[in-house]
Each structure stands twice: as C-alpha cells, then as structure tokens.
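Number of protein chains: 2
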Amino acid sequence: MRRSIFFSLSFVLAASSALAQGTLDKSVTDRFDAALSSQDQIGWLKMMASEPNQVGSPHDKLIADWELQQFRKFGWDAHIETFQVLFSTPVSEAVEMGSFKATLQEKPIPGDTSSTAKDYALPAYLAYQGDGDVTAPLVYVNYGTQEDYKQLARLGISVKGKIVIARYGQVWRGVKPLLAYKHGAIGCLIYSDPADDGYAEGATYPEGPMRPPQGIQRGSAMDMMLYPGDPLTPGVGATADAKRLTHETAPSVLKIPALPISYADAQVLLKAMTGPVAPQNWRGALPITYRVGPGSQPVHLEVKSSWDLQPAYDVIAQIKGSQFPDQWVVRGNHHDGWVEGASDPLSGQVALLDEAKAMGALLKTGWRPKRTIVYTSWDGEEPMLLGSTEWAEQHAAELKKKAVLYINTDGNSRGFLRASGNQDLGAFVTKVSESVTDPEANVTVGRRARDRLLTAAGSGPFAAAMKAEASRLEKPGATFPVGAAGSGSDFSPFLDHLGVTTLNLGFGGEAKSGGVYHSRYDTSEHHLRFIDPGLVYGKVLSETVGHAVLAAAGNGLPLSSPADFARAMKGDITKVEKLADSQREAAQKQKMLLASNAYAVAADPTEPHGNPVAMSAVPAIDFKPLDAAGATLTKSAAAYEAALAAHGQALPAADAAKLNGLMQTINQTLLYEGGLPGRPWYKNLIYAPGRYVGYGVTTLPGVTEAITEERWSDVPKFIALTSDALKAYAARLDQATALLQSSKG
Amino acid sequence: MRRSIFFSLSFVLAASSALAQGTLDKSVTDRFDAALSSQDQIGWLKMMASEPNQVGSPHDKLIADWELQQFRKFGWDAHIETFQVLFSTPVSEAVEMGSFKATLQEKPIPGDTSSTAKDYALPAYLAYQGDGDVTAPLVYVNYGTQEDYKQLARLGISVKGKIVIARYGQVWRGVKPLLAYKHGAIGCLIYSDPADDGYAEGATYPEGPMRPPQGIQRGSAMDMMLYPGDPLTPGVGATADAKRLTHETAPSVLKIPALPISYADAQVLLKAMTGPVAPQNWRGALPITYRVGPGSQPVHLEVKSSWDLQPAYDVIAQIKGSQFPDQWVVRGNHHDGWVEGASDPLSGQVALLDEAKAMGALLKTGWRPKRTIVYTSWDGEEPMLLGSTEWAEQHAAELKKKAVLYINTDGNSRGFLRASGNQDLGAFVTKVSESVTDPEANVTVGRRARDRLLTAAGSGPFAAAMKAEASRLEKPGATFPVGAAGSGSDFSPFLDHLGVTTLNLGFGGEAKSGGVYHSRYDTSEHHLRFIDPGLVYGKVLSETVGHAVLAAAGNGLPLSSPADFARAMKGDITKVEKLADSQREAAQKQKMLLASNAYAVAADPTEPHGNPVAMSAVPAIDFKPLDAAGATLTKSAAAYEAALAAHGQALPAADAAKLNGLMQTINQTLLYEGGLPGRPWYKNLIYAPGRYVGYGVTTLPGVTEAITEERWSDVPKFIALTSDALKAYAARLDQATALLQSSKG
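Here the protein sequences come in this chain order: A and B. Just so it is clear: in the first sequence, position 87 is 105 by this note's numbering, and no numbers are missing. Just so it is clear: in the second sequence, position 618 is 636 by this note's numbering, and no numbers are missing.
No lab work stands behind these hints, which were simulated from the structure alone.
For chains that are exact copies, the list does not tell them apart, and a pair is met inside one copy or across any two.
Calculated pairs, EDC-like style, for lysine to aspartate or glutamate (alpha carbon to alpha carbon, straight line, at most 16 Å): (1) K493 with E603; (2) K642 with E595; (3) K607 with E492; (4) K485 with E603.
If we strip away everything but chain A, and leave its shape as in the complex, we get (with noise of 0.2 Å):
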C-alpha cells in the first residue's frame, strides 16, 4: 500500500491513544479481509436478485430462510424474528386524461432479469397513499417542496381541489402528496424528470445506467416524518397480539391517492398543460414548455389497494462477546426490495453477508469478539423501516441497556466513503478509513474521500457540506467528517427514538444508481455492469464495516470522539441563530412590502399573480442558554479527550467498565421521552428527519421546526430542553473525565 509523505503527514489522528475509539488489530484484521470474495458476494447478488422480494413476496421468504441458513453455516448463532405489519399493495390504478392511459407498467428489457420477473412483481404504486378515485385539473408543483408552495402562492396559484404533479426529488418522495394534502389537492402524481435521473444525466437503460422512459419510483408514501415502522403500531413492536390502529385511523396512512408515472407518460400530462410559464428552476429535460396550469383538461387519478397484514422476516444473527457479552455491536442492512432491488438493498445485503463469512472463519481459528456483535438482516424496509422499526421497538429496553454502536449500510455504489450518524464517532470512523485501501486509488479510503471532498468543484447536491468541511480537512489531524443523518434507512430507530449510538456507512459518488432506483431495473445485471463492476466496492465496504464491526467489538472501551460533537454543534446552534435572525428580516422586510402593497405594484398584470404567504413576526429569541451549553460541552469534551490521552495504553479493568458504562450510553443523554412537537416517537433533540424534508436531516430539531413553523411557545421551551440535553452529555463526560483522572492505570 503506498501512502504519500504528504499524507502520512498532514493526515494523522488528534487523538492518538490507544485507549480511545476503538482498537483496530491488523492480525485480526488481515485475516479478515483475506476471507472475504467479490466472487460469493456476486453469486448472492445474482441468486438473492433473481426474483421480486417484496415484503410478503415468496422470494422475500425464501432469502430469509436462506440468511438463516448462511449464518448458521457460518457458524453464528441465528433465528428469524417475525412481525405482523400492515403493507397495502395495489388492487387496480389508473392515470387518464381524456382518451389518454398512462401505462404505469415497465416493460421487460430482454437479456436482463427484469424480464424473468414473476407475475407477483407489483406495478408502480406508492405504499401507504389513500384510496381514492378523482377527477381534477393539474398543477404542476415542481419538486412539491415547502419553497415550491410559497412559490405558488406568489403566482397567485392554488392546488386546492386539483391533483398535483410533482417530479421527484429535492425532498423525500413521501413529503409531496402530504404537502399537496395540506394545500388542499386532492391528488398526487409524482414522476422521475430526466433532468434528475433519465437521459440528461446519461445514457438509458441498457445502453447506460439512467432511467428509461418507461421507468418508475415505486415507494412509500406513509408520513415516516410522525413515525416510521408499522403503521398500525407506533412505537410497540407489531407482534401478532399487539394492539393495532385500522389503517383509515393510522395517522401515518396518506388521506389522498397518489402514484408514481414514468417521464413518457408525465410528458403527455405535462405538455398538455396551460397557464403560466414553470419559473426557470421548475424545468426539467423533457422537450416541452413546462406550465404551472392549472391544466385545461381534467386528469382521473383511481387507486384500490388490499391492506393486509404481511410478515416481515428479520434474520437475527449474533456472535457472543467473550468478555462483555452484555455490549452489543450491532450491524444491519435490510434484504427486501421494491421489485428486485439488486443495488437496492442487495449490493449492502451481500457485504453484510460476506462480513459475517469471513468472521465466521475467524471464529473457527478460535478468535471471539470481546463484545457480542449482532448482525441482523431486515425485512420491510423499503414500505418504511418496518423491520428494524418494529424489532428496535419490541426490543427497545434491552438495546438501550446493551448497544454500544449500531452500524448501517443499505444499498452499496462506487467511489468514496461516506459516514453519517452520531458525529462523536469522527475518530473512531477515521480510524477505521485509515485501515482500508481504495481500490482504483490505491490510498486509504480515508484519505480518498477526504481528498474527494478537498478537490470537489463547487457545484452539485454536496456543494454545501463539502465547503463547509473543506476548511477544516486542510488541516492536519482532522477527523473523519461524520455527518448528521435524518432518516432514510434502517438506522432512524437506532438513533431517533432509542438514541443508541449509530453510524450509516456506504461507498458512493462515482457510479450513477439513481436510474433505476426502485424500478423493475434494480437488476443484478444493471449493478455489475455500471454500479460496481466485479463487486469491486462490494469487498471494500465488507472490509470497512467489518473493520468497524471489529475496532468496536474488540475491547471493552468508549468509542466517543466528543470534540468532534462539540464542533458539530457549535456550527448548528450558530446556524439556527442566524436561521431565526434571517427569518425575522424576511418577516419585517415582508411586513413593509405587504403594507406598501408593493408586490402588486412589481408583478406583471398580464400573468397571475398574488401577495406571498403572510410571514409572522418572529419575536426576540433568548439563545443564551443554548450558546452556554455548546460552550460547556466544549470545555468538557476538551477536558475528556485530554484526560483519555494523557492516560497512555492501560485502565484497570474495574475502571475501564466504569468509563464504559458512563459512555456507551451517552448519546441517550440527547433524548426527551416528550419527543418532538407533534411526533413524539421522535425523542433525539440534536438529529431528526426534518418534518418536510423527509430523509434530509433538521438538526436541533426542537428548536429550529419551532422557528420555521412559527410556533413562537415552543421556540424557548426548546431551547431549554436541547440546553439540557447537551449539559446532560456534557456532565456525563464530566464523570467520565474525573474518573480517567483518578484512574491509576
């Protein structure tokens, strides 16, 4: 492995002791990744991809019979744990507009796998949306974004009474047909542009990776942002004789039909359409003048769905720790997918499996964690977490009790590490990068993705959080950068509602997956010839997570990085400052506008047009005691790191159970069992999905959603809970420090 002299320099931990963060031993380590193949990792990808594995799918029954089987062969000790969720599948659908039938079909494509697929396949649909049959002319929202709506609004535009058209993206899928439900619309279509992921950004599928025509973003549409996991039983497990809402009472359930079409039938709606010209960051590719509408020609939205309750199969597999049995690592990746879903979970599902190979192997040449490491393999991700939802829940004392460190990966691509999570875990995950060599750089991981970031142009989604880290990675001794996550995958019970340490892990940036993401063309074929050829990345997430699975599984210390938290929080209470301060200039800036009747008087008379949504005044806000806490948590973070490294290699055992029994559970200091205004199953106050974004995260949820929804009460209330919480991290280091400096180790 060649390391650069500039690298080896610059790029060297700030907290070097080996007490802290975890414990990499490269003898283990080394024998780990020689056990792992791209090759068995392909062979599960094509068997585990051959057939559709929807929750209640026989395939999706088989896989789980099958990872029972594979973990047992390994040598773990594993079961499957079974929950009854609700999960409506579609009866019959229709899109039409006069003699006009979208086709919400995806045709075969011959030579790929899409075309064996079994006649349980489901059509495009969206989980969770209400059953309806409407007739209403369209407006097209754009992305149906919060923003897109107030848009609307100075377009003197209403969606009350109409379906909405919105493309996907920007936003999580399931936020458009809720904000299209509160506007009033009484429909929803959500299409794929090609502006997004069709031709625009390559060729189609199979001539390249993108989105066909004809292709279609399945999903779920449930309010995941009130609670994830099954809806009929928030926050219980959903076993056979738990108490269960209806699915017409279940408030996660949408009130109005909704479905996904394909960019060929969209484009028909959309030409179709009148009224004023889409403002210029509403266009997408298609070869036509986007309008606003509303369209001239009414369109028949008709969904009729079963809602049945299915079983979803959890595989729970585990290795017990030899000294700690009671600590538990535990690592997830969900194995059900929308048709075939190769990229979609199954490239992260055959990681994990490899994974659990090649320490099954060790296991036989008589090494054992001294942690217990639960691997565990989810069913009913895709309809919204419910596997994990329902397991973490069923379960939600003893994880608690026990998780040191919950790891998550889903659907594996190419390129570059990306980490997400807990942020007091910047050391331990730059730990592990430094111990994986990049493949087609033939650098560490680490270093990759750090110079990925460095050497990024300043365009494109990730512009934002590359600059804002870019500074700081130019720097020698920077961590790793770890960023907050909202939700989207299997980790949100982990680190939302039990506040169990957790950590997101996945390959990216390099590869296009978008195009065919929840299409009938997730094939396995589609992922090896333009995902991850050979598996390559395949192999090098196994070794990633399976380094990271080991580094904390491996001894019996804290993982806890809290200098890099403290930084992190720091830049969000001062962002949400300057949140409420933007906001209060735009409420008085708007005040006087309205009041000189100034937007009549600027717009075009010729066009619609109206006044902007009335802002309301924001109020003095008191932040004093959220900048006390950031600086308190500094100071204690500080003092913590300082003590851990003046300690050198050894604690005595007593002591080392101490400080690991006030910090495994640290990041529970972070939780209100009130939870969040609205959705209590949300109880983390520094990370949540942001209640209109979807998988986006709002940090200082609390606080910020009380600023942005204007609920002036809840703003101070807040404030103190989230001041709290983070004294509560900061006095639990504070222990912590105080015991390391009485230690005699």
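Let chain A serve as the given structure and place chain B on it in line with the hints.
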C-alpha cells in the same frame, strides 16, 4: 396619478435642492408628454421594420434618409454623417457531418413580414469571423467561458485542433470563438439552446415569443474587448481618406471560422457526440444526453466572406441651446438591425423619433433648451458600434469639451426601468423616474423599479445585483440604482473611450424578447404581439428619456450626485480586495492539492480527468492607496453635496458657469490616456467590458484584470493609476465645493 402614502413618505430624494442634478419643469414635460403618440411609433415601427436593414442594405439607407427628413420636418437642424467601414458578409458557408448538412436558413413564417423579407437579407453568420475551411471532431464547451475551459481541463479534454460548439449565453457571443481560438480550436459553432431562449422559456414563434427550432442568432464576432468600431481604423474616424489596416491585419477580426446555428441543427450534432456526460450546469433543454466529446464523427465547417467597405449613415440632429450652446446633451439609438430588427433596435429608435417630434412641437410654441440637444441615429451598431464609435472618435475633442451627458437606448421591452452608466447620475435618474407614471401599475416608474428589486425572488440573472441593492433601497431617500456599464450598445465610446458622462436607459423584465434576438423573426408583428403591444412602453420610454434630456438641457448646472458614485466605488474596492484574497487562498490550496496528487486520487479512473490549470501564487498586494482614495472620494462627495444643498435655490450666473465648468467634465478624470493593458482604446479606469466577458462590465478593470490574469507587476501600477483617478475626481469635487462655499448666491 395615484401615489401611495408609503411611497411619498419613504422614497424621496436625499438631496432635494433645485440646484442639483437637473431641473424638471412640469409645464414643459406635460406639453412634451401630450405630444407623444404610441400610434405614431407603431406606424414608424412597421415602416422601418418592413425590410432587412443591416449596414449597406438599401432599406438601411432609406431609413437614414427618411429619418433625416423627419428631423427636419420636426424643426431640427439635421444632417447625415457617413463613414466607410469594413463589413464582412458571407459569400458561402457550410456545416456538415457525414451526410448531414446544417440548414443555416430561417424559413419565413406566413402572416409575418419575415415571409416578405427581400433577398438581400443576410443568412445566419457572424460578422468579422475569420474565413476558413476546417474539418475536425467537435468538443462541446458549454457557454465557452473561461470557467468552462477550466472545467474542461479537469475533464482532461483539450480543444486543440478541434471545432468547438458553444451555446449562446452568459458571456457575450464574441468571447466564445475568441477563447476557443486562444485554446487552440480551429473553428467555432454557436447555437441557441432551447433552455436559454427556446421552448423551455415559453411557446415558440409564431405561437409564442420564443425561438423556434430553426431560429438563428446572428451577430458580431469582433474582438470588441480590444476596441469596437471599424476594425480598420482604431481610434480615429473611418472617413473616406482615413489611414486603414487590412482585414487580415486588423487585430479585432477573428482568426478562425465561426458560424451560428439553430437548435434543430445543433441537436443533430450534439446527439452524435461521444465522450463523458457534460457536467450538470452544462446541460441545456434538448432531449439528449449532453456529452463533452470529442465527437467521433468529424464536422466540416467552411465560411467565405466578402470584406468590402460599406457606408455607415449616422443621422445627426440638433436644437441649439439658448444660453449654453456649447454644452451638449447627446442622445442616441441605432437604426440598423440584423434582419428587420423590430425589437432590436427599432423599438428604441421610434421612441427617439417620438421624442424628437414632441420637442419639435415644443419648439413651435417658443420653447428653447438652455443647452444644445443633439439627437443621433446610429448606423452599424450590430457589426459592433460602428456608427457611434467612428462619430465619437471623429469628434472626440469637441465631445470631450462640450458633452454634458450622453443618453443611450436600444431595443425596448415592457416592465421596469433600468439605468446604467456613470454612477453619479443616481439622483438625476431618481428625479426623472419620479416624473413618469407606469401604465401597468399606476405608480411612478421609479417606485415600480424599486418594488421589483425589493420583491424579486432570489433567483435568476439579476439576483446578485438585486440583493446588493435591496437593503439600500429599503431605506428612505435611496436614489435610483444606476448600474455600472460595460459595452453592448452605442454608449461604449462615450463612457469607455471619451469619459463623457453616460446614461443607458430602457424598460424590460416582463416580455420575453430574447427568442427572436438577431433572427429573421424579430419583426414588427412579433414585437407588437409579444413584447410591447400597442407600444405602450415605447411611449413610456419616450417620456422617461425625454424628461431626462429636458432636465439635463433645461439648465446650466451639474447633474452629478457624487455620493452615489462614492458608495459604488467603496463596494467595488471591497470587491477587488476580496477577489485578491480568495484567489490567493485558492492558489495556495491548489498548490497543496497538486503537490499531494489529490486531484488524481479523487478522480474516477473510469472517466477522463486531468489536473486543474495551475494558478500562479498571488503576492501580497498593498490596497491602501485604493482604500485611501475611496475614503477621500466619500468625504469630498459628502462635502460637495452638503455645500450644494446649503445653497438653496440661487447661484450667481458667473458662479454657476464656473461650477458647471468644473463638474461637466468630472468623469473624464477617471480616464488614463495609456488605456488598459493590451487594449489602449479603453481608457476608463472604473468601467470596461470584461476582457473575456464582453458586454458585462468589469469595474476597476486595470486592477481587477491584472489579478485575474496574473499580471502581478500591473497590480500596483493600476492600483496607483486608479487611486489617482479617484483622487482627481475628488479634487475636482473639492474645487466645486470651495466655489459653492465662497459663492454669495
């Protein structure tokens, strides 16, 4: 005229002394307004736009002769001044790929004068491109800007020996083949992407205003950033006996062949491209995968032109001033178009004529301006400011002595008043803008422009300028925003070469005129249907410019509000300092990343890639002289405005003459006779068209471009020269202030 209370209270002049910034006599402007007529303008527009009217065409001469008669009929003293200018026109041209031949023709549209255009209409071409016959693969270079070539380097793609294809937009047309040539390309195609002015923006002509698939933007490809006007006679008038270069030796003539093409034709060429997918912000609205190339199929480009001298007919008319005949208020608009030129330039030309008619009516009632009014109808603006530049060069000495103000307009549209030029005209434009009522909103055009700036969403091409001005405009007493000006219309020789105080005015922002720009479809039918129905804004333009001329010519006092200029300079100085800092930082960062091989490490090995073009280290730069000059200017401007305000209404005639003598030529203190490096024709140290931007202005160009072009020895030189110029301007103000303070008026 209704004015809201809010507006009356808050949007008043900072310096309201009648002495300052021109006087508006309502008894005169009311009579002037009453004589204006949209109906007259419509009739003239139809006649003047009835046939192609490029330089050298029969209809171009007919317009000049007819306008001469009109001026005389109105009571003006008028003549035609003729120059002999180089004007290249195509003899033969071809763009071919395999069996495909680009059309290079715009088919006429039935029911439109485009269908009756005489056969002397020019085909699609670029004036002053360099004849040639080349065959090479294509490379797509996005807009063909400097930034785009930097991106190409990162993609590891060279244009050396290739033909580039660029889309119109972002920078001026002529920059694209020039940069292509400088990067080693042997030919250049430019096409109009539907994203920029085709179907993405709205329905295409004749259904709507936007560019149809076969529409082509003609234009000049002269290197006007070197010098505009006749390529053979830089710096002197192109009289019959002037000393001339040849077209082969003229440095402003392009060295490679270049042609504009339609998007119907471009789609064929672009669809056949191979190579990497174009970066996201390189993609237009064609339904294809945009690729960078090089294309696998060679393209054949051939252009042959005639290089004749042609007559350019400037119509010059004047009304002698009653008190100050040697103080000239000059106002111009060109009369030549690329085909029929209804929007560009004739919509502005008929407003000019209407003003001349109304002033003629005033003349008949015994009114006389105090200063001399000179109206000019320029020929040959389209090939690149031929008529105006030659006239300004020919009369340079007289203009520098006598011109008080040059007011320019060009094609007019519908919507909001926009002003640019010398930024000490803020108070003057404010007065004018408050004297004209907007017909759509029934408020003053000043207030409407302000409300537009304050309410505009934060996107689109004017977002940055809007944001910068918005917070200033919220405050009571803010003057009308006068933007800095570069080039792109006939004001350039006055502003950039002579230092005559210059103002460019026009209305726009509501109609979409870009779609027929420089095409056969820029017809009176198009203009009257889509751009300014009823020429309502034609009359508003006449009122606005007419009032400006009447105000400037109505007294013998200065027009300057130097505090506006000082504020602009403060902003520009800060801007260039920040530019140096960010460029220094970027160069340091790049050096570090190149040394560590980071670009290669971060690159996808399956795609072409390269290191960025190496930046030179930015030395320490002493900006203190510029800061000091800016501070001096701010102080002197405040003192002058205070002395003027303190004076109230009266100033003895002798002092007024002295004051005007000092202030009339104050903007000439901003010139440096040596000119800008490598382009001595451009003498203004504050404003110039950006060397590789074109029409767009670069402020403090001597300093700014020395930094961006890494000419480090020029940086202190031009900091000194620019500081001296600002100090000279301030010193002139100090003289005026002393005069005002000592005057007994």
